[in-house]
Amino acid sequence: MEKKTILIVDDESQLVEMIQMRLEANGFAVITAYDGQQGLAVARAQLPDLIILDLMLPKMDGYKVCRLLKFDEKYKHIPIILFTARAREQDKQVGDEVGADAYVVKPFEPEVLLSTINRLLEKGA
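Residue numbers (my numbering): 2 to 126.
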């Protein structure tokens, strides 16, 4: 069985490394990006199976990256988890509007993130 590839887009490198190690330990291939523009470019070039996307990013925020991918026929099938410290209902509503598939609030439980990833990947399989 081929490994599922997950793109992590977050500007906190220690957090990215921690999530990457956990995902790789669970059998996923991981690619990373550290700002919105890079995240968008990597997503378009690599076509990951799922994207974990921070909202507050340099160069382009996560909402814009999500919208650009979700409103493009070629990429809209890729599940996107918005990953943020912003937990207000209004933030989640904007996430829904730009097409996000799930919302995980920082600080997060790794098991919650993993179960969300597995649920979204099974749904798309």
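No wet-lab data here; the hints were simulated from the structure. Since we're looking at a predicted model, the values are computed, not measured. Treat the hints loosely; a few may be bogus.
What the hints assert, rightly or not - Calculated pairs, DSS-like style, for lysine-lysine (alpha carbon to alpha carbon, straight line, at most 27 Å):
(1) Lys75 to Lys124
(2) Lys77 to Lys65
(3) Lys65 to Lys93
(4) Lys4 to Lys124
What the hints assert, rightly or not - Here are the computed distance ranges between Cβ atoms for each label pair:
(5) Phe72 to Glu112: 28 to 36 Å
(6) Val113 to Gly28: 27 to 35 Å
(7) Lys124 to Ser14: 29 to 37 Å
(8) Asp92 to Leu16: 14 to 22 Å
(9) Phe109 to Lys77: 19 to 27 Å
(10) Gln91 to Met22: 16 to 24 Å
(11) Glu3 to Glu90: 34 to 42 Å
(12) Pro59 to Glu25: 23 to 31 Å
(13) Glu3 to Gln91: 37 to 45 Å
Note that beta-carbon positions come from the ideal geometry of N, C-alpha and C, so glycine has one too.
Hints and how they fare:
no. : hint                        : verdict
1   : Lys75 to Lys124             : 18 Å, holds
2   : Lys77 to Lys65              : 14 Å, holds
3   : Lys65 to Lys93              : 14 Å, holds
4   : Lys4 to Lys124              : 16 Å, holds
5   : Phe72 to Glu112: 28 to 36 Å : 32 Å, holds
6   : Val113 to Gly28: 27 to 35 Å : 18 Å, violated
7   : Lys124 to Ser14: 29 to 37 Å : 30 Å, holds
8   : Asp92 to Leu16: 14 to 22 Å  : 18 Å, holds
9   : Phe109 to Lys77: 19 to 27 Å : 25 Å, holds
10  : Gln91 to Met22: 16 to 24 Å  : 33 Å, violated
11  : Glu3 to Glu90: 34 to 42 Å   : 38 Å, holds
12  : Pro59 to Glu25: 23 to 31 Å  : 25 Å, holds
13  : Glu3 to Gln91: 37 to 45 Å   : 39 Å, holds
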